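Enquirer: Okay, here's what each chain looks like letter by letter:
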Amino acid sequence: MIVEASAIEPGSHLEADVCVVGTGPAGLAIADRLAGGRRQVLVLESGGLKPDPAVQALYAGDNIGRGYFPLDACRIRGFGGSSGCWAGLCRPLDPEDFEARPYVPHSGWPIRRADLDAWYAEAEKFLGLRGPGWDLARWSTKGAAPWTFADARIASTFFKLSKPVRLAETMPGPMRAAENIRVVLGASLVRVGLAPGGGQVQALHVRRTRGEGGFTVAARKVVLACGGIENARLLLASDDVQRGGVGNGHDLVGRYFMEHPHTDGEGLLLGSPALPSPAFYQRHTRLGQPIWGSLGLTAEARAQEGLLAATLVLLPRRDAPRALEEPMRQVMADTDAPDRPLPEKGVAFTFGTPSEQVPDPESRVLLAGERDRLGVPRVRLDWRVSAVDQRSVARTHAILAEALARSGFGRVRLTLTPGQPFPAHTGGGRHHMGTTRMHADPTKGVVDADCRVHGLPDLYVAGSSVFTTSGSANPTLTIVALARRLAAHLDEALP
Amino acid sequence: MSLDRREALRLIVALSVAACSAPPPPLALPPRRHAAAARQIGQAWLKAAGVMTDAQALADALGAGAPAEPAAFTAWIRERHQADLAAGRTTQVDGWLLSLTEARLYGLYALLP
Ligand SMILES: Cc1cc2nc3c(=O)[nH]c(=O)nc-3n(C[C@H](O)[C@H](O)[C@H](O)COP(=O)(O)OP(=O)(O)OC[C@H]3O[C@@H](n4cnc5c(N)ncnc54)[C@H](O)[C@@H]3O)c2cc1C
Chain A
11 MIVEASAIEP GSHLEADVCV VGTGPAGLAI ADRLAGGRRQ VLVLESGGLK PDPAVQALYA
71 GDNIGRGYFP LDACRIRGFG GSSGCWAGLC RPLDPEDFEA RPYVPHSGWP IRRADLDAWY
131 AEAEKFLGLR GPGWDLARWS TKGAAPWTFA DARIASTFFK LSKPVRLAET MPGPMRAAEN
191 IRVVLGASLV RVGLAPGGGQ VQALHVRRTR GEGGFTVAAR KVVLACGGIE NARLLLASDD
251 VQRGGVGNGH DLVGRYFMEH PHTDGEGLLL GSPALPSPAF YQRHTRLGQP IWGSLGLTAE
311 ARAQEGLLAA TLVLLPRRDA PRALEEPMRQ VMADTDAPDR PLPEKGVAFT FGTPSEQVPD
371 PESRVLLAGE RDRLGVPRVR LDWRVSAVDQ RSVARTHAIL AEALARSGFG RVRLTLTPGQ
431 PFPAHTGGGR HHMGTTRMHA DPTKGVVDAD CRVHGLPDLY VAGSSVFTTS GSANPTLTIV
491 ALARRLAAHL DEALP
Chain B
23 MSLDRREALR LIVALSVAAC SAPPPPLALP PRRHAAAARQ IGQAWLKAAG VMTDAQALAD
83 ALGAGAPAEP AAFTAWIRER HQADLAAGRT TQVDGWLLSL TEARLYGLYA LLP
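Chain order of the listed sequences is A and B.
First residue of the first sequence? That's 11 in the working numbering, and the numbers climb one at a time after it.
First residue of the second sequence? That's 23 in the working numbering, and the numbers climb one at a time after it.
Hints listed in this document are in silico derivations from the structure and should not be mistaken for laboratory results.
It should be emphasised that the depicted structure is a prediction, and the values quoted were computed from it without experimental measurement.
Hints may be right or wrong, so weigh each one.
Facing chain A, a subset of chain B residues (Cβ under 10 Å, in silico) [stated by the list, open to error]:
1. TRP118
2. LEU120
3. TYR128
Even glycine gets a Cβ: it sits at the ideal position worked out from N, Cα and C.
Hey, can you work out the whole structure from these sequences and the hints?
Expert: What follows is the structure, given as structure tokens:
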């Protein structure tokens, strides 16, 4: 069932087994998994089925750190969340992304990749992806094969591209049909109310997004699924019982904000006549599933040099040829393919490189003094990137350049220098991670391995705010996998 | 890189004199398919890297023991080029990452008539 908040009597008190706040990929993946089951599920959504600028304005906030997108323009507040505008690139995190790596401070999830494998399979279905898992060999064809490098440090991988699924189009039907689900649109959570003493959630305080009035909700299990910035904002703003906010006994909520810095358009690969077909690294369809090949370093190569994860995709070059480009093309042809004629035109690509950041407690979501129309303090984002983040991408480009030249595939013009800051235009990918990070130790993380807020038996967080580290894969497939796992946990945990 | 046998031999003489005490014969380089391009890259490298502008020193650095047969010589250069890349012995010209071997070879093209 889907209802409007205006249909709920102001001042009323609703009850449910599970209350999910937010209907982005995280919240809807949970609701969808519980649909048709024995739990009464209440889903609260601040927006409606259609975009609404007045609702979107509730997301406005300040950037006080590295230049970033306006905070009301890098996520969608409404049914379906940012699935309304996402690009659909999907890839699971790599096994080593979950491990504690000595060269990455604050790394190490309390779960392993294997704990998510089954949930990734469910997540793929939820996001409309197809085909057999992620075994590279199954996705390779004669016409579109990953390159074989004469350098064991390089590995190929690929994204599966969701259509992209727009949950505001696909999910209202199933949500209306499910008898145990009640979605309330136009219902904004403004405060998580703790019982005196702070040992459990007493009530969620909800306001009508449009108009006046509101209601409260009591649920046996509450899941915050409001996105990687908003989850932290709501916890921080709920500070009437616990000083500093709910789940913030160790001053961790909002900290460790991570993005995937996108150094797009950096580096230039000039292909030699011996460069194999780049078809695998261009968007194409295999087994009915659109995919996009990418390059990266093996886990061993990263560990050896202490490098963070980075994914390299080939992008068409946009700038005009450089002065030395044509002579470079000629000399490398003489070295790499002396017996082949030099093609009339060169092949050139630049790199897109979404990359991992070292989790940094000073990179954070904070509250501003000003409040939004519903009385919730506005958000402030202090995004930081570190010298290690920058060095890691520059070195990854250099290793790839060495490998390409060694394999006779071409030469790379490097534009990033270790020790130099990222170019000013290096932004994020609109991936908001880490602000309620997962850790087994309550002094090091906000949620535990079950995504439950430490110290509270009934409050959970879904979404990329729970990521301990970010890897370099786009987050939504992992968000949905974690959400499905959480839904199963909730079902089991309730008597 | 296609060298004919006589030209390759001349380069090899240059490359192998390093160990001899007798004064070296004049250095010469074979024409190659894109010799002008090699010269251009070599000039840019010598200027940017501020490295050896002495052809003999460059030839020495390239290494001794080059085979006489042109195809084998090309393979010899490529082997060194690849070994450089495996060991991280690289340099840059206007950002282009090159093995030291290829940069030195182009440097020689730039220095020799
Ligand atoms: C332009 C763009 C392109 C992207 N491309 C990709 C991509 O290719 N691949 C990828 O993996 N990811 C991509 N992303 C990121 C992806 O969209 C997010 O990872 C994903 O949507 C996060 O899901 P979520 O459910 O955690 O949060 P969101 O999608 O942000 O959903 C949060 C939900 O909570 C609701 N909400 C917020 N506050 C309240 C409140 N107080 N009360 C009630 N409800 C509330 C919102 O209305 C919304 O429904 C992209 C994002 C953008 C903006």
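Enquirer: Which of the listed hints are broken here?
Expert: Violated: none.
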